[in-house]
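Chain residues, written in single-letter form:
Protein chains: 2
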Amino acid sequence: MATSTVENYLKHVLLLSESGETLVSMGALALALDVVPGTVTTMVKALADEGLVEHQPRHGVRLTPDGRRVALSVLRKHRLVETFLVNVLKMDWSKVHEEAEQLEHVISDEVLDRLDALLGHPDTDPHGDPIPTRQGKLKSQVYATLATCVAERPLRIVRILEQSEDFLRYAEQNGLLPGAALQVTDRNLMAGLVTLKTDAAGSIALSLAAAGRILVEASKAS
Amino acid sequence: MATSTVENYLKHVLLLSESGETLVSMGALALALDVVPGTVTTMVKALADEGLVEHQPRHGVRLTPDGRRVALSVLRKHRLVETFLVNVLKMDWSKVHEEAEQLEHVISDEVLDRLDALLGHPDTDPHGDPIPTRQGKLKSQVYATLATCVAERPLRIVRILEQSEDFLRYAEQNGLLPGAALQVTDRNLMAGLVTLKTDAAGSIALSLAAAGRILVEASKAS
DNA sequence: AGATTCTTTTTGACTCCTCAAAATACCCGG
DNA sequence: CCGGGTATTTTGAGGAGTCAAAAAGAATCT
Ligand SMILES: [Mn+2]
Ligand SMILES: [Mn+2]
Ligand SMILES: [Mn+2]
Ligand SMILES: [Mn+2]
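Protein chains in written order, with the working numbering: chain A, 144 to 365; chain B, 144 to 365.
No wet-lab data here; the hints were simulated from the structure.
As a list, the in silico DSS-like pairs of lysine-lysine whose alpha-carbon atoms are at most 30 Å apart: (1) B:Lys-233 / A:Lys-233; (2) A:Lys-233 / B:Lys-280; (3) A:Lys-233 / B:Lys-238; (4) B:Lys-238 / A:Lys-280; (5) B:Lys-233 / A:Lys-238; (6) A:Lys-280 / B:Lys-233; (7) A:Lys-340 / A:Lys-238; (8) A:Lys-238 / B:Lys-280.
Keep in mind the model is a prediction, meaning the values are calculated, not measured.
Construct the complete structure from the given sequences, taking the supplied hints into account.
Below is the structure:
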């Protein structure tokens, strides 16, 4: 019943509130959805009328329980589809986001369940993003990033917070995939540079900004 | 670039002209698309302006080469998706048409190619409908139907010309699937009844209308 | 032919989503 | 406390697709 547009608005409210304030600004939404701010204001008012969001004029917007339900369902579809495209169809992980952006709106619950089963009920997608459960639980753990973690310790990548094709392609070429083992060998805050050593591809330098997009955890006993 | 709506219009013009006149009436299109005839007239004029169809006012509409290209591409997506849903996800063949109706508009060419490969480049979908090739060739062979074929001869079902859920579910329950072997044991034109004997499910009676939807060919040497 | 019926086209209106540009409210430094 | 700058909201308009109802055209029957 919710149109693709509505689903996209709700999904992005969820995404933006996951990674930041509980109140999402019109500007941030406009940027994420690639529309002008006036459009967002208008749509948000409509969504509020339908009880999908709570709008605090001039301050921001927040999902209602109903809106959150929809958003989580769309996000689940998005991430399961991405997983399918990479794991089954062997598509490049840098390209699946775009595809999933469309498919998330036309996958029925039945197809979703079967995909989920086919994939073995994964709990993260190819980028390490957690997949909401059927029941609407979203495990969003807090991890260190390559910009903030302790240096000189064995780490494993758990998630890449980025969906731009270029970044992902670059990351893949340098072995920076979820599951990869590496450690930070140097961090120069003045230069804004982080140097890593991966098991697979040797030594790499990243900007702090880029490093901040890569989530890691301490490597458990090998 | 073509919207889902445009794609649906073009696909149905193709479908309707496959199975009948070369000129498709507004009324037939309205029925197929589940909109009111005035809407079709309006849309058809717009499509004609874009060079996708040729409109002969008061008589009907026909695809241009451009329109046919689009229609075939949508149809290829539709039928490959149906095949995927049945063969890989093991969905009920009576339900896949509805799903494909949406998915056909959001499958990229890249995903399509990979699906095609995964499925082993099938040339018909689960209902026996021919899948247009990548190059846009659509093999549409003329077959006899259970209402018109010779009786008392071994036959094999090649195609079911029907996508209604109820009909397909019923057909499946009686073993009337593409590939099934059977023969016509009696045909009573007065009563409008055809009686069959299938290898799998024994003796069944069908209305002439229903029998006309089931395409068959003479069974080759067993 | 004349009247009746069916199909197609036209007209006017509506929903959904969007933008450009103007108006408004808010925040922050001086 | 005032002036600018920034974010948000409002306003007016337009594209895409649809319907209801009226008008027009064709075909069919008597
Ligand atoms: Mn989307
Ligand atoms: Mn992802
Ligand atoms: Mn469709
Ligand atoms: Mn089919």
